[in-house]
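Undergrad: Chains as they are written, first to last, in the working numbering: chain P, 1 to 119; chain Y, 1 to 119; chain A, 1 to 119; chain L, 1 to 119.
Treat the hints with care, since some could be wrong.
When chains are identical, the list treats them as one kind, so a pair holds in a single copy or across two.
[To be verified] Derived pair list, reagent style DSSO-like, types lysine-lysine, alpha-carbon separation capped at 30 Å:
#	residue 1	residue 2
1	LYS84	LYS96
2	LYS103	LYS66
3	LYS17	LYS66
4	LYS17	LYS103
5	LYS66	LYS84
Since the hints were derived computationally from the structure, they do not count as laboratory data. The model shown is predicted, which means the values in this text are computed figures rather than measured ones.
Number of protein chains: 4
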Amino acid sequence: MNTDDPGLTQLRDVLRKFAADRDWDQFHSPKNLASALSVEAAELLERFQWLTEDESRNLPPAALAKVREEMADVLNYLVRLADKLDVNLLEAARDKIVVNAQKYPADQVRGSARKYSES
Amino acid sequence: MNTDDPGLTQLRDVLRKFAADRDWDQFHSPKNLASALSVEAAELLERFQWLTEDESRNLPPAALAKVREEMADVLNYLVRLADKLDVNLLEAARDKIVVNAQKYPADQVRGSARKYSES
Amino acid sequence: MNTDDPGLTQLRDVLRKFAADRDWDQFHSPKNLASALSVEAAELLERFQWLTEDESRNLPPAALAKVREEMADVLNYLVRLADKLDVNLLEAARDKIVVNAQKYPADQVRGSARKYSES
Amino acid sequence: MNTDDPGLTQLRDVLRKFAADRDWDQFHSPKNLASALSVEAAELLERFQWLTEDESRNLPPAALAKVREEMADVLNYLVRLADKLDVNLLEAARDKIVVNAQKYPADQVRGSARKYSES
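Use the sequences and the hints to build the structure in full.
TA: Listed below in structure tokens is the structure:
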């Protein structure tokens, strides 16, 4: 991991110990971690599935607390997977933004974004 | 965001500018961002879907590069969603680990983890 | 499979041949098929992620054609998984509706559905 | 729907009544239904996430019962979405198999399937 994210590095270490203490590394193949991450991302989506976009911008405290928990689960599995694959998450994220900037030049997509899929 | 993650804070700021430059905030309701995050998590899973667990531990460089890109997409949408909802990701992650530690006490789940669903 | 779904039974048989012709059964463990199904469900969701609910009710022909393709992919993997696990899909679906009817009695959830998560 | 799937047509009708009785059509925009389907597909995947491929081929009865329930949820949302978009699921599935057969000719992908991503 990179020195500009002591928080992520510490999180990685806490997660290593958590799994080791429970003898769970045997289940933490990248394939399984990617599955678990995907499941958590869906649990996050589930908090919004029947809400309108406006309602999603104005979550009551209890609903926001649940969303926050699911976001935490996603981050934890992402950090765990990054650890197993030796991926520097922040570096990867920055690199991808550069790729996206070339894929979606601001002067071309601005204002007519509705025609462009962001993925 | 918290002061122990200058990297995540900087990523948040880059993503704010990226969306603003393209007039894309209109699409970035939390509901839509949660959908996009879920879609990227599935694109990450897709890299592993036909691999065995062992193959997933030994990805060739080209495959790893693709996995790294999808992980970046997941982090970027997670940071974007956290920004819109004013969620401190690292704090949320740490809080969730505390909850998980109580839910899965090491002395109870160790060694017989196969019987316990981790979620 | 059941005699009230000759279409699903025929689809199952076509999919069996498709996989056998390509020697793909080796990859079709239930675990892998569930992953693939999840990935296709996300590709379906992707068609809607930046649309408003109203736009999703009024898809232009080209967009609808893509949605139709992704729905086909989901059904194909679902039928394939049902085949491998010997699950009667229609029977399972009917049984689940009975469970849901007890979980969400019409007289209790009608009109105030917004407070109830449907899952 | 098509006449070769009386089962699916009947399922569609039961689901129409179920939603109407609860005044839930207001939530059943295609965008929301696609989200719900994706969430159920992930709940299905969750049943397998820590299992090996072999374990997934030999599910104990209780585990299989849960998998069957999640598959039912996926089918129910798929049929509901097909209804809202007037998509003939079986026809779409058959059309997609034809497309896939051209994309993955048996003589080219047989035996070396591991190099080919099926999506």
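Undergrad: Indicate, hint by hint, whether the structure satisfies it.
TA: Status of each hint after checking the structure:
no.	hint	in the structure
1	LYS84 - LYS96	both (20 Å within a copy, 20 Å between copies)
2	LYS103 - LYS66	between (34 Å within a copy, 16 Å between copies)
3	LYS17 - LYS66	both (25 Å within a copy, 28 Å between copies)
4	LYS17 - LYS103	between (40 Å within a copy, 16 Å between copies)
5	LYS66 - LYS84	both (28 Å within a copy, 15 Å between copies)
The structure meets every hint from the earlier list without exception.
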